[in-house]
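> These protein sequence lines are chains U and A, in that order. When we follow my numbering, the leftmost residue of the first sequence carries the number 108, and every step to the right adds one. When we follow my numbering, the leftmost residue of the second sequence carries the number 108, and every step to the right adds one.
All the pointers check out, no bait thrown in.
Coverage of chain U stretches by chain A, computed from C-beta distances (three or more under 8 Å per stretch; other residues unrestricted): (1) 197-209; (2) 221-234; (3) 331-345.
Taking lysine to any residue pairs in the SDA-like style, the calculated list, with each CA pair at most 25 Å apart, reads: (4) U:Lys-219 / A:Thr-187; (5) U:Lys-306 / A:Lys-179; (6) A:Lys-208 / U:Phe-205; (7) U:Lys-330 / A:Lys-179; (8) A:Lys-193 / U:Glu-243; (9) A:Lys-219 / U:Met-247; (10) U:Lys-179 / A:Gly-207; (11) A:Lys-330 / A:Pro-270; (12) U:Lys-248 / A:Thr-187; (13) U:Lys-208 / A:Asn-313.
Rather than coming from a laboratory, the hints here were simulated on the basis of the structure. Note that this is a predicted model, so its numbers are computed, not measured. C-beta atoms are modelled at their ideal positions from N, C-alpha and C, and glycine is treated no differently.
Spelled out from the first residue to the last, the chains are:
Number of protein chains: 2
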Amino acid sequence: MSTTTSCKTVLASKVSASFRNQIKADIKERNIHPKLVGFLANEDPAAMKYADWTAKTCAETGVDFELRKVSKMDLEEAITEANQDKAVNGIMIYYPVFGGKQDAYLQSCVSKFKDVEGLCHEFVHNVYHNIRFMDEEETMKCIIPCTPLAIVKILEYIGVYNPVIPYGNRLYGRTIAVVNRSEIVGRPLAAMLSNDGAKVYSIDVNGIQLFTRGTGLSLKSHKVEETEATVEQVVPQCDVVITGVPSANYKMPTHLLKEGVVAINFSSLANFQEDIKQKASIFVPSVGKVTVAMLERNLLRLHDYQSK
Amino acid sequence: MSTTTSCKTVLASKVSASFRNQIKADIKERNIHPKLVGFLANEDPAAMKYADWTAKTCAETGVDFELRKVSKMDLEEAITEANQDKAVNGIMIYYPVFGGKQDAYLQSCVSKFKDVEGLCHEFVHNVYHNIRFMDEEETMKCIIPCTPLAIVKILEYIGVYNPVIPYGNRLYGRTIAVVNRSEIVGRPLAAMLSNDGAKVYSIDVNGIQLFTRGTGLSLKSHKVEETEATVEQVVPQCDVVITGVPSANYKMPTHLLKEGVVAINFSSLANFQEDIKQKASIFVPSVGKVTVAMLERNLLRLHDYQSK
Numbered sequence: 108m109s110t111t112t113s114c115k116t117v118l119a120s121k122v123s124a125s126f127r128n129q130i131k132a133d134i135k136e137r138n139i140h141p142k143l144v145g146f147l148a149n150e151d152p153a154a155m156k157y158a159d160w161t162a163k164t165c166a167e168t169g170v171d172f173e174l175r176k177v178s179k180m181d182l183e184e185a186i187t188e189a190n191q192d193k194a195v196n197g198i199m200i201y202y203p204v205f206g207g208k209q210d211a212y213l214q215s216c217v218s219k220f221k222d223v224e225g226l227c228h229e230f231v232h233n234v235y236h237n238i239r240f241m242d243e244e245e246t247m248k249c250i251i252p253c254t255p256l257a258i259v260k261i262l263e264y265i266g267v268y269n270p271v272i273p274y275g276n277r278l279y280g281r282t283i284a285v286v287n288r289s290e291i292v293g294r295p296l297a298a299m300l301s302n303d304g305a306k307v308y309s310i311d312v313n314g315i316q317l318f319t320r321g322t323g324l325s326l327k328s329h330k331v332e333e334t335e336a337t338v339e340q341v342v343p344q345c346d347v348v349i350t351g352v353p354s355a356n357y358k359m360p361t362h363l364l365k366e367g368v369v370a371i372n373f374s375s376l377a378n379f380q381e382d383i384k385q386k387a388s389i390f391v392p393s394v395g396k397v398t399v400a401m402l403e404r405n406l407l408r409l410h411d412y413q414s415k
Numbered sequence: 108m109s110t111t112t113s114c115k116t117v118l119a120s121k122v123s124a125s126f127r128n129q130i131k132a133d134i135k136e137r138n139i140h141p142k143l144v145g146f147l148a149n150e151d152p153a154a155m156k157y158a159d160w161t162a163k164t165c166a167e168t169g170v171d172f173e174l175r176k177v178s179k180m181d182l183e184e185a186i187t188e189a190n191q192d193k194a195v196n197g198i199m200i201y202y203p204v205f206g207g208k209q210d211a212y213l214q215s216c217v218s219k220f221k222d223v224e225g226l227c228h229e230f231v232h233n234v235y236h237n238i239r240f241m242d243e244e245e246t247m248k249c250i251i252p253c254t255p256l257a258i259v260k261i262l263e264y265i266g267v268y269n270p271v272i273p274y275g276n277r278l279y280g281r282t283i284a285v286v287n288r289s290e291i292v293g294r295p296l297a298a299m300l301s302n303d304g305a306k307v308y309s310i311d312v313n314g315i316q317l318f319t320r321g322t323g324l325s326l327k328s329h330k331v332e333e334t335e336a337t338v339e340q341v342v343p344q345c346d347v348v349i350t351g352v353p354s355a356n357y358k359m360p361t362h363l364l365k366e367g368v369v370a371i372n373f374s375s376l377a378n379f380q381e382d383i384k385q386k387a388s389i390f391v392p393s394v395g396k397v398t399v400a401m402l403e404r405n406l407l408r409l410h411d412y413q414s415k
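Put together the whole structure using the sequences plus the hints.
Structural data, given as C-alpha cells:
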C-alpha cells in the first residue's frame, strides 16, 4: 500500500524552467526581438489571468508581448491587420470569443505563419495525419497546438516517454486516458499520443473512443474506434490519466485509478479528488506555465520561418 | 388590407428548374461526366432524404452521383481518399456527423478543388471578406456556400435584387432579417446580403447583430455591430424575412411582419405561422431543391478548374 509521501507532485513551473531558460538564452544570444500580439476580446477573468501570465513570462524571456483589447465585432479585422503587419511575428487569441463554431472559424483566420497556438485547420489536420513538416522539402516543422504539446513535454519530463525506444514510438506499451475530447486539446492530444505508440482512451460525455497507432497507408496516422466500454472498465487499466473537464462538479474518482498512476490535470479547475496523492506516483496539478513556454517556442520557430 | 389570394407562393422546384435545365444542357452539349460523391455517416432520416433527392436530381441532369455510406470513424480517411482520387470531381458530406466543432474540422478536410458545398474555411472566409476569386489572376470564381447561394438565387428570381442597380449593390435600400446565425448558412448569408448593399439584421438566441456594407479599406467587406434592439422592434422594419430555425416550436409571429413582406423559410420545419399568406406578398416555403441545383452548379465549376 502506497503512502502519501510516495507521490511526487510536479509543478508546471519546474517543467517549464528549462524551456524558458533556453528561449531566453536563444533570444539574447541571437539578439532578436520576436513580437507576440495577444488579442483579448472577452471579459473572462481566466483569460485576463492567462494574458497577465503571458505578459510576465514574455518580459522575463525577452519576447516583446503586446496585449490588444478589441471588441468581438472588430476582432476579425484586427487579426487580418496583424497577419499583414511584418512587425508582428506571432498572434494568439484568448478564447472563448463567440464560442462554438465561430471560434473555430477565427482560429483559421490567423495566418499559419503567425499561429503560435497551432490552432488553424492546417496545423490541427497535420497532427491527426501525423504530418510533421509544413513544406515538402521538410525545412519547416509544423506548429503543434500548444496545450497538447505542453502535455507531451510534461510526459517526456516525467519519464512516461521512454527514450530507449526509437523516436515516434516512445509511448509503446502505455495505456493513457484523456478525459476531454475538445477540438483544441483533447482530440489532438489523443491523436498525438497514439501516433507515438500509446493506446489512448478518449473519454467525454458522448462516450469513449479508442485511439491506437494506425495502419492505414494513405494517412500514416492513428486509428480511432468507438467502444462500448465504460469509464469504470477503462480507467483502472490506464498508466496515465489526463483530465481537462471545465466543470467544478467533475472529479475523477480516486478509487478507479490504478495504484501508481500518473495523474495530470490541464483543466483550470481541480479534476482529481483531494486523496489523489494516496494513489498516484506522479501528480501534475496544472500545465499552464508549460503551455506559455510552448507558445514562446512556437513563436521563435515562426519568427525564423518568416525570415526565410 | 391584403387578402389571402394576393400572396404568391413560390416553390423551390420552380426556381431551380432553369438552373437544372442549364446544367443538363451544359453536360450534354460538352459530353462531360462530372462525378459527385456524397458521404453519409449518420442515421438521420432528413440526411437520407436529402441524399435521395441529390441522387434523383443528379440522375435527371446527367451528374454521376455516388452515395458512400461510411462509419463516422472512417469518414475522414474516406474524404482524404476521395480528395486524391482523380475520378471524383466533387465531394459533399451529409451533416451532422459528430456535431459541433468536429464537423467544422471535417468541412475543412474537403479539398477546396472538390468542395461543392463551399464550406471549407477558405471559401467561408472569402465570403466574409467579399473576395470573389480563388486566384490572383481572377480566373477561378470562389465557390459560395450552397444554401446561402440558393437563397441569393431565390431573391434574384423573385425580384428582391434590383437589376437596374449596378452589380454588387443590388440590395441597396432593402432591410432583411435572417433568423439563424449558423456558421454554414445564417452568418455567411447575412454577410453576402450586406456585401450586396442590404441592411441585414442577423437574429439568433444570443441576440441581434446588424450587418451593413462595410467601409473598412483592408477588408472591403461588410461591417457588423451588436444591437440592443429587439425582434419586436426589428422585424416590422424588414422587407424580407428569412428563417432557418431547426425547432418545431419556433414560429415567427405573423403580426410582427410588415404588410407585403417577402417570407422565405430554409428550415426543414415550418417557421412561419399558417396565416403567413395573409401578410406576405411572396412566400417561399422551402429552398432545398435550389440548394441541390447550386451543388451541381458548383460541381461543374470545380470540374472545369480541375481540368485546368
